[in-house]
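**Q** Here are the chains, one letter per residue:
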Amino acid sequence: MTVLFDAATGRLRLSADDWEALLSWSRDHSRQGEHLTRLREAGVIRGDWPHSSVMPALEAALDHITTLRVRQRLHDGRRIDGTGLVARGAVAFLLDAPDDLRELLTVHPTMLTSALARVVALGPRDRGEIEDREAAADAETDLFGSDAGRRRAAADAIGGLPGVDGPWNYWSVHAHRQPDGLEEGLTVLDTPDQMWLVERTHEKLLLSPTDPTRVWRLLIRISSHAMELFR
Amino acid sequence: MTPDAGPRHPEGDGGATPWLERYEDTRGFSLLCPTGWERLPIPSGTETAFVAIAPGHGGDFHANIVLTVDDLPQDLDVAEWQAEVEPALDLTLEEYMLLDLERIDGPDGSMIRRLMHHVGPRSQPITAEQWARAHGPTGYTLTCSVATPAYDGLADLLADVGRSLRFTP
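So the sequence lines, in the order shown, correspond to chains E and L.
Be aware that the first sequence starts at 896, since it is given in my numbering, and climbs by one per residue.
Be aware that the second sequence starts at 2, since it is given in my numbering, and climbs by one per residue.
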């Protein structure tokens, strides 16, 4: 595995194992063999210190109080997932990148909402649907799978779903706060024709038409805890 | 400002206190403004027609309402006008991000509603909602800007403000 690090911009791409090694070394400077060698060769570690551009992210990861999970499933089967570690001074984002690497992004807590919006590519979409759609919970695999035929059949079974032919992004953001154990989040089917809020129960899947403004407000609610931490 | 018979505070005191008041301008427009927001004097010779500022919402950034007027080329559709505005916003606002854009057709004509995010002069995250309408050869742009953490709590109120622009014959 490669460690890609640009000291000028602080851009860092590394494997999950190298990230864990970097975190472990940051905690107690324990040696991690080949992982540590790669990190040193890339300039992420210099002497006994991490490079200054990755310090805020490491501090956030070691002292985080909220964990964010971002999951994205695209119509062609690709998955782009990410984890955000929210601390008082910074948010460390680890996002899936090509070649089984993860990109480390450091975000100020007050910019968390816009960072999430950029990750899920929130932007203008058509609107117009007013009717909810309801499906059996086990229809989720077909409805949001990469097999176009099964997807269309599942959509037809619930009265049609504009945008289901793709391109689309079926994404979710969930926050888990360590102090109180509170969980909150939202799941969205994002198509150019219509955005849908998706609610899952054991029995059913409810899709409600929504729009980017509503989604932005929900992202603000999810990230409000992080923003309050900084005040 | 005069009390308006229209929108009121959704959780108010049974309607006794208007949450929005209508401001009537001698230049031929009127709009709703939240009660208690301070209306600021308009510098002469500018495109600004109205400014009101909230009393302390959103930490170090006060929510505000700004109405600007522009002379429009003849027969320019509101959507075409706003398509020309978009690149300017991207150039002038730091970390500009367009979040939502819709055309709203009503009995008084069409307007373009835009929701955007940008970074303010002191690095504050700001959510701005904008309604653009044409009235004759004049384009009116009503912009409500709020510190992003405060936007969710003010969004319904600001939507009432955005839809409230009227023109007197």
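Don't read these hints as lab results, they were simulated from the structure.
Do not rely on the hints blindly, as some may be mistaken.
[Stated by the list, open to error] Label pairs and their calculated CB-CB ranges:
#1 PRO138/L to GLY972/E: 47 to 57 Å
#2 ARG1047/E to GLY110/L: 32 to 42 Å
#3 ALA1052/E to GLU39/L: 50 to 60 Å
#4 GLU1079/E to PRO170/L: 48 to 58 Å
#5 GLY1061/E to GLY110/L: 32 to 42 Å
#6 ASP1033/E to GLU25/L: 54 to 64 Å
#7 ARG983/E to THR139/L: 43 to 53 Å
#8 GLN75/L to GLY984/E: 53 to 63 Å
#9 ARG1116/E to ASP76/L: 23 to 33 Å
#10 ASP61/L to ARG1116/E: 30 to 40 Å
#11 ALA1031/E to ASP157/L: 32 to 42 Å
Values in this document were obtained by computation on a predicted structure and should not be read as measured data.
Each residue gets a CB set at the ideal place from its N, CA and C atoms; glycine is no exception.
**Q** Indicate, hint by hint, whether the structure satisfies it.
**A** How the hints compare with the structure:
no.	hint	verdict
1	PRO138/L to GLY972/E: 47 to 57 Å	holds, 53 Å
2	ARG1047/E to GLY110/L: 32 to 42 Å	holds, 40 Å
3	ALA1052/E to GLU39/L: 50 to 60 Å	holds, 56 Å
4	GLU1079/E to PRO170/L: 48 to 58 Å	holds, 50 Å
5	GLY1061/E to GLY110/L: 32 to 42 Å	holds, 36 Å
6	ASP1033/E to GLU25/L: 54 to 64 Å	holds, 59 Å
7	ARG983/E to THR139/L: 43 to 53 Å	holds, 48 Å
8	GLN75/L to GLY984/E: 53 to 63 Å	holds, 54 Å
9	ARG1116/E to ASP76/L: 23 to 33 Å	violated, 43 Å
10	ASP61/L to ARG1116/E: 30 to 40 Å	violated, 21 Å
11	ALA1031/E to ASP157/L: 32 to 42 Å	holds, 35 Å
Of the hints listed earlier, those the structure fails to meet are numbers 9, 10, in rising order.
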